Amino acid sequence: MNQQAEALSVVVEREFPFPAERLWRALTQPHLIEEWLMKNDFKPDVGHKFNLRGDWGGVLDCEVLAIEPHKTLSYTWNHEHADAAYNLTSVVTFTLTPTGSGTHLRVEQAGFRKDQPQAFGGARFGWQKFLENLDQVVARND
Amino acid sequence: MSNAHDVLFRTLSDPTRRAIFERLCREGEQTVAALTARSGVSQPAVSKHLGLLKRAKLVRDRHEGRQTHYSAQLNALAPLIDWTSRMTGFWQSRFDQLEDLLKRMDQ
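If you read the protein sequences in the order shown, they are chains L and X. In this text, residue positions in the first sequence follow the numbering used here: the first is -6, and each later residue adds one. In this text, residue positions in the second sequence follow the numbering used here: the first is 636, and each later residue adds one.
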């Protein structure tokens, strides 16, 4: 069996009528991150390990993977759960692109089952396309 | 639930199998012969893929004379759709909060 089967990916995009610099602050300053995402001890340094703490009591283990001011930010988003089915190893990547009237923000969360770490770097793009197709198919069949 | 996820993911991991399943989703019920004609693999191979899809409850078969017709079972995808829908909803609601925050922030 193909061990890369466990990949899943989600992309959400939106244009905000604000400059990239302002979005960047909201994505990288802990007191601002807390206001829209979760409580955290984030620092904008590659290799920095931090936690995101959800209102529901869940704690996410994160590590900064890549950072390019005003352009891109990427960190791991891992969740240990007593039930292995809910364990998650994923990477969240924010990409900022200036537009004429503001900034386009794209977030991609590429996730893998915790027991399949070798899936990293694997078939996520194929899966994303597949799931998009499925969404359309399912929407038509509802 | 964990085991059901595993079966689903493993079953859909094979590109040929996935292509067969997507065709059934798009085009509706088909015979093995019709699926074989456009799949680029042999009929025994297609039958084997269909057997695995059936075991994962992704397809259903219906016998009519000497022909077997296969159709996609979209409800079997619920675990996949659930994950992506949930995370998409999560980020969309966070983007709403981000937008509120951006309005309030100093220049």
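Mixed in with the good hints there might be a few duds.
Which chain L residues stay away from chain X? Per the calculated CB distances, all over 12 Å, these [said to hold, decoys possible]:
hint, residue
1, F11
2, R46
3, G50
4, E56
5, V57
6, I60
7, P62
8, E73
9, T92
Here are some chain L residues pointing at chain X (derived, C-beta under 10 Å) [said to hold, decoys possible]:
hint, residue
10, L1
11, V4
12, L20
13, T21
14, P23
15, E28
16, M31
17, L58
18, V100
19, Q102
Please keep in mind that the hints were generated in silico from the structure rather than gathered at the bench. Bear in mind the structure is a predicted one, so any value in this text is a computation, not a measurement. Built from N, CA and C at the ideal position, the CB exists for glycine as well.
Each hint, compared with the structure:
no. : hint : in the structure
1   : F11  : 5 Å, violated
2   : R46  : 15 Å, holds
3   : G50  : 16 Å, holds
4   : E56  : 19 Å, holds
5   : V57  : 19 Å, holds
6   : I60  : 18 Å, holds
7   : P62  : 17 Å, holds
8   : E73  : 15 Å, holds
9   : T92  : 15 Å, holds
10  : L1   : 6 Å, holds
11  : V4   : 8 Å, holds
12  : L20  : 8 Å, holds
13  : T21  : 13 Å, violated
14  : P23  : 13 Å, violated
15  : E28  : 5 Å, holds
16  : M31  : 9 Å, holds
17  : L58  : 18 Å, violated
18  : V100 : 5 Å, holds
19  : Q102 : 6 Å, holds
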